[in-house]
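Colleague: Going line by line, the protein sequences match chains A and B.
Once you know that position 33 of the first sequence is 33 in the numbering used here, the rest is easy, because the numbers rise by one and skip nothing.
If you want the numbering used here, it's the 1-based position in the second sequence plus 414.
Treat the hints loosely; a few may be bogus.
What the hints assert, rightly or not - Footprint (simulated), chain B over chain A, 3 or more residues, beta carbon under 8 angstroms: (1) 56-70; (2) 190-196; (3) 234-241; (4) 283-295.
Claimed, not checked - Quick look at which bits of chain B chain A covers, simulated, 3 or more residues with Cβ under 8 angstroms: (5) 568-575; (6) 656-663.
Said to hold, decoys possible - With the C-beta cut set under 7 angstroms, the calculated list includes, among others, these residues of chain B facing chain A: (7) His-642; (8) Thr-645; (9) Glu-674; (10) Val-680; (11) Leu-686; (12) Cys-690; (13) Ser-700.
None of these hints come from the bench; they were simulated from the model.
Note that CB positions come from ideal geometry on N, CA and C, so glycine has one too.
Number of protein chains: 2
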Amino acid sequence: MSGTNQRIDGQRLWDALMEMAAIGATPKGGVKRLTLTEVDRAGRDRFTELCQAVGLTVRVDAMGNMFARRPGRDPSRLPVLFGSHLDSQPTGGKFDGALGVIAGLEVMRTLHGLGIETEAPLELVNWTDEEGSRFGHSLMGSGVWAGVYEQDKAYALRDGDGVTVSEALDGIGYKGEHPAAPFPADSYFELHIEQGPILEREGKSIGIVTGAQAQVWYDAVITGQDAHAGTTPPSTRRDALLGAARIVELVDSIMRSRGEDGRGTVGRLSVLPNSCNVIPGEVRFSVEFRHPSGAEIEGIAESFPVQASRIAHELGLTLELTELFRIPAQPFDPDCVRLVREAAARLGLPAREIISGAGHDAVYVARRVPTAMIFTPCKDGLSHNEAESILPEEAEAGCQVLLEAVVARANAPR
Amino acid sequence: MSGTNQRIDGQRLWDALMEMAAIGATPKGGVKRLTLTEVDRAGRDRFTELCQAVGLTVRVDAMGNMFARRPGRDPSRLPVLFGSHLDSQPTGGKFDGALGVIAGLEVMRTLHGLGIETEAPLELVNWTDEEGSRFGHSLMGSGVWAGVYEQDKAYALRDGDGVTVSEALDGIGYKGEHPAAPFPADSYFELHIEQGPILEREGKSIGIVTGAQAQVWYDAVITGQDAHAGTTPPSTRRDALLGAARIVELVDSIMRSRGEDGRGTVGRLSVLPNSCNVIPGEVRFSVEFRHPSGAEIEGIAESFPVQASRIAHELGLTLELTELFRIPAQPFDPDCVRLVREAAARLGLPAREIISGAGHDAVYVARRVPTAMIFTPCKDGLSHNEAESILPEEAEAGCQVLLEAVVARANAPR
Numbered sequence: 001m002s003g004t005n006q007r008i009d010g011q012r013l014w015d016a017l018m019e020m021a022a023i024g025a026t027p028k029g030g031v032k033r034l035t036l037t038e039v040d041r042a043g044r045d046r047f048t049e050l051c052q053a054v055g056l057t058v059r060v061d062a063m064g065n066m067f068a069r070r071p072g073r074d075p076s077r078l079p080v081l082f083g084s085h086l087d088s089q090p091t092g093g094k095f096d097g098a099l100g101v102i103a104g105l106e107v108m109r110t111l112h113g114l115g116i117e118t119e120a121p122l123e124l125v126n127w128t129d130e131e132g133s134r135f136g137h138s139l140m141g142s143g144v145w146a147g148v149y150e151q152d153k154a155y156a157l158r159d160g161d162g163v164t165v166s167e168a169l170d171g172i173g174y175k176g177e178h179p180a181a182p183f184p185a186d187s188y189f190e191l192h193i194e195q196g197p198i199l200e201r202e203g204k205s206i207g208i209v210t211g212a213q214a215q216v217w218y219d220a221v222i223t224g225q226d227a228h229a230g231t232t233p234p235s236t237r238r239d240a241l242l243g244a245a246r247i248v249e250l251v252d253s254i255m256r257s258r259g260e261d262g263r264g265t266v267g268r269l270s271v272l273p274n275s276c277n278v279i280p281g282e283v284r285f286s287v288e289f290r291h292p293s294g295a296e297i298e299g300i301a302e303s304f305p306v307q308a309s310r311i312a313h314e315l316g317l318t319l320e321l322t323e324l325f326r327i328p329a330q331p332f333d334p335d336c337v338r339l340v341r342e343a344a345a346r347l348g349l350p351a352r353e354i355i356s357g358a359g360h361d362a363v364y365v366a367r368r369v370p371t372a373m374i375f376t377p378c379k380d381g382l383s384h385n386e387a388e389s390i391l392p393e394e395a396e397a398g399c400q401v402l403l404e405a406v407v408a409r410a411n412a413p414r
Numbered sequence: 415m416s417g418t419n420q421r422i423d424g425q426r427l428w429d430a431l432m433e434m435a436a437i438g439a440t441p442k443g444g445v446k447r448l449t450l451t452e453v454d455r456a457g458r459d460r461f462t463e464l465c466q467a468v469g470l471t472v473r474v475d476a477m478g479n480m481f482a483r484r485p486g487r488d489p490s491r492l493p494v495l496f497g498s499h500l501d502s503q504p505t506g507g508k509f510d511g512a513l514g515v516i517a518g519l520e521v522m523r524t525l526h527g528l529g530i531e532t533e534a535p536l537e538l539v540n541w542t543d544e545e546g547s548r549f550g551h552s553l554m555g556s557g558v559w560a561g562v563y564e565q566d567k568a569y570a571l572r573d574g575d576g577v578t579v580s581e582a583l584d585g586i587g588y589k590g591e592h593p594a595a596p597f598p599a600d601s602y603f604e605l606h607i608e609q610g611p612i613l614e615r616e617g618k619s620i621g622i623v624t625g626a627q628a629q630v631w632y633d634a635v636i637t638g639q640d641a642h643a644g645t646t647p648p649s650t651r652r653d654a655l656l657g658a659a660r661i662v663e664l665v666d667s668i669m670r671s672r673g674e675d676g677r678g679t680v681g682r683l684s685v686l687p688n689s690c691n692v693i694p695g696e697v698r699f700s701v702e703f704r705h706p707s708g709a710e711i712e713g714i715a716e717s718f719p720v721q722a723s724r725i726a727h728e729l730g731l732t733l734e735l736t737e738l739f740r741i742p743a744q745p746f747d748p749d750c751v752r753l754v755r756e757a758a759a760r761l762g763l764p765a766r767e768i769i770s771g772a773g774h775d776a777v778y779v780a781r782r783v784p785t786a787m788i789f790t791p792c793k794d795g796l797s798h799n800e801a802e803s804i805l806p807e808e809a810e811a812g813c814q815v816l817l818e819a820v821v822a823r824a825n826a827p828r
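Construct the complete structure from the given sequences, taking the supplied hints into account.
Modeller: Listed below in structure tokens is the structure:
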């Protein structure tokens with residue numbers, strides 16, 4: 001990479017990624033580091049040691065969010081934040097989340113090694129429970145921090161064994177004394193794998209993330225009548241799976257009518273009684289739509305329930321559709337995005353602007369603090385999967401852009 | 415009921431049905447009497463006592479099939495068999511199977527009470543494991559008896575806890591010494607609830623079953639690529655659930671193109687990884703078709719795999735379709751069917767001819783012995799369900815027809 005004299009150490013970054021991946025490593029080459037477990041504690045403890053080794057001061061807030069601070073030359077300036085999350089899916093990969101935290105550590109190590117002092121302080125963040133796999137609520141730490149969720153409600157959530165978030169935080173010793181609330185900060189940068197195929201397909205090393213999609217999510221229950229598959233003639237069937245199949249088709253067609261920016265998915269579906277020779281009486285499934293334009297999502301939220309109910313009605317079925325949540329589109333801060341774009345250009349890295357399709361801590365943080373994200377490609381666009389994979393040079397490029405953007409922001413004239 | 419001087423006792427029949435339903439009764443009013451369990455043993459033991467109380471001799475074969483014999487006046491004549499099964503689905507009803515066995519007992523009790531001796535001997539049968547819920551193989555006892563399945567293979571089947579059929583038979587003491595093989599018999603009659611809505615809808619008390627449908631069953635696995643629902647654009651999606659949805663629609667349209675005689679069902683379907691925000695990478699599902707005409711089923715078995723594979727191919731998916739079995743249509747014996755028709759007519763019972771949509775022990779027995787079945791209506795056509803329900807007068811009518819047909823056959827000139 002040209003265009004920089006503050007070069008991160010790609011080998012050291014990769015080694016640190018592999019060291020973190022060993023904590024909760026799975027036999028299939030992935031990671032299981034569920035939030036607020038003993039494995040998560042081991043990851044957090046090691047992260048703390050590595051931060052302290054380069055002179056950072058680590059503080060923990062009431063949600064277990066961790067902030068590793070490096071002072072700036074001007075103590076009156078607000079800190080530039082950057083980071084991601086160390087928790088993983090149950091069968092997750094090595095890089096989802098960990099890349100942003102460990103690359104942030106490499107930024108701190110590089111500045112430390114070069115003896116560089118920035119004007120503004122820097123804070124490296126590890127957000128609690130981004131994945132939502134254990135307590136059923138993703139983006140929990142950043143959501144409470146940003147005021148999207150109430151801390152008491154988050155504390156009361158239980159995992160499959162009945163353990164609350166509050167108990168789990170106490171259990172691993174990471175319920176900190178600092179309030180989980182949006183303290184004044186200058187900005188937030190997050191490096192993350194794309195979790196999609198676009199950068200890889202187009203041969204780009206860097207995604208300049210300009211914002212996050214609008215979303216609307218539903219829970220659906222479609223009810224007919226279970227009956228013997230051999231004896232029930234077509235005219236008397238009320239097959240809940242046939243209704244669900246037509247709604248799956250509808251979701252796909254709504255997505256495709258929006259072109260390549262459309263997203264529409266039925267990811268979870270279960271059939272009752274789920275027996276070969278019984279016509280399904282009930283099907284429960286999830287539906288979600290995403291689009292960069294909030295207006296498109298508003299339009300879908302208007303029309304989809306009507307169309308889906310019509311499908312159910314025509315088949316003599318009953319549809320209960322519950323809108324779980326609707327998230328507006330979240331544009332990122334133009335000035336922070338510009339710093340990412342300029343860093344990639346200066347370094348000669350092939351880059352493109354991209355909208356984040358996934359939810360990220362950055363999306364909630366952006367409600368409080370000027371924010372941008374950097375994406376790096378991942379093999380076959382695969383994530384939430386033990387086979388998730390990136391190349392060392394991709395990690396290095398992303399980390400270098402992170403450093404450039406963070407330092408530029410921290411040294412920018414006020 | 416007019417037209418008979420050998421009147422069964424409807425109240426005694428109903429009481430015996432309720433007594434059997436108490437063995438394995440569920441809180442929701444159904445029955446859980448899984449084959450070869452302690453509950454099944456209790457039902458078999460009680461059945462044996464009741465048979466012996468009216469002078470029947472009970473013998474058990476190597477598959478646990480039970481035959482309760484009443485001698486005839488002419489010892490050289492082959493026995494007339496009748497019966498059904500006492501095992502139930504895990505959340506089964508009171509009448510599926512039990513009606514045919516307990517009505518058979520009522521036939522024996524009536525003849526005993528009236529001191530009537532038939533020319534041919536009579537044998538009341540309780541077939542082992544009709545339902546297939548525990549070992550995954552329905553019609554097991556009658557299938558081995560009729561030579562459709564090999565006894566050794568049936569013995570080796572295991573339940574969810576790893577217990578084999580052979581061990582389970584030993585465990586409840588019902589592995590008998592008689593070979594499970596088709597001994598010479600005159601005929602077989604089986605009374606069963608319809609498990610469908612046709613008789614109830616048309617106000618008929620008796621279904622004169624003329625045969626069983628042809629069937630073809632498949633296991634399907636459709637494979638795409640699981641990927642993040644938020645980041646994967648339409649053009650790169652390979653959504654296995656979309657493919658499965660289109661095959662569900664295809665199965666329904668193949669059924670409907672055959673009119674009211676068509677049957678086509680996807681009853682079981684599961685999605686992997688089954689997470690809201692992951693595009694499904696794999697869907698596993700069952701497909702079955704049934705039709706009274708074997709030629710129709712042959713035609714479907716020819717065309718369906720081609721059409722389903724085309725659907726998968728168009729979506730970039732892979733379909734593995736395994737044909738599990740194909741059962742030809744099984745017409746019942748015209749003379750036995752005539753006896754049922756004449757009995758219903760003589761008794762003045764509204765009746766119609768009907769094809770059995772479900773599998774029954776009678777379908778396998780019919781390969782060896784002249785066979786007929788009698789159906790009675792069941793409420794809302796519901797079966798394989800704890801809410802399964804019939805009226806006492808419906809049970810009585812079916813039982814009276816069974817007695818008339820059995821006695822007519824047993825006394826018919828040779």
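Colleague: Determine for every hint whether it applies to the structure shown.
Modeller: Taking the hints in turn, this is what the structure says about them:
1. Coverage of the stretch 56-70 of chain A by chain B is violated. Counting CB-CB distances below 8 angstroms, 0 residues qualify, and the rule asks for three or more.
2. For the stretch 190-196 of chain A, the proposed coverage by chain B is satisfied: 3 residues have a C-beta within less than 8 angstroms of a C-beta in that chain, meeting the threshold of three.
3. Against chain B, the stretch 234-241 of chain A contributes 5 residues with a C-beta closer than 8 angstroms to a partner C-beta. That satisfies the three-residue criterion, and the hint holds.
4. Counting residues of the stretch 283-295 of chain A whose beta carbon lies closer than 8 angstroms to any beta carbon of chain B gives 3, which meets the minimum of three for the stated coverage.
5. Interface restraint, the stretch 568-575 of chain B with chain A: violated (0 residues with C-beta to C-beta distance below 8 angstroms; minimum three).
6. For the stretch 656-663 of chain B, the proposed coverage by chain A is satisfied: 6 residues have a C-beta within less than 8 angstroms of a C-beta in that chain, meeting the threshold of three.
7. Evaluation of the His-642/B hint against chain A yields a held restraint, the C-beta minimum of about 5 angstroms falling below 7 angstroms.
8. Among the interface hints, the one on Thr-645/B holds; its C-beta lies about 3 angstroms from the nearest C-beta in chain A, closer than the 7 angstroms criterion.
9. For Glu-674/B, the suggested interface contact is upheld, since its CB lies about 5 angstroms from the closest CB of chain A, less than 7 angstroms.
10. Taken as an interface hint, Val-680/B checks out: its beta carbon lies about 6 angstroms from the nearest beta carbon of chain A, inside 7 angstroms.
11. For Leu-686/B, the suggested interface contact is broken, since its CB lies about 10 angstroms from the closest CB of chain A, more than 7 angstroms.
12. Given hint, Cys-690/B at the interface with chain A, holds; its Cβ is 4 angstroms from that chain's nearest Cβ, closer than 7 angstroms.
13. Of the supplied interface hints, the one on Ser-700/B holds, with its beta-carbon coming within about 4 angstroms of a beta-carbon of chain A, less than 7 angstroms.
In summary, the numbered hints that this structure violates are 1, 5 and 11.
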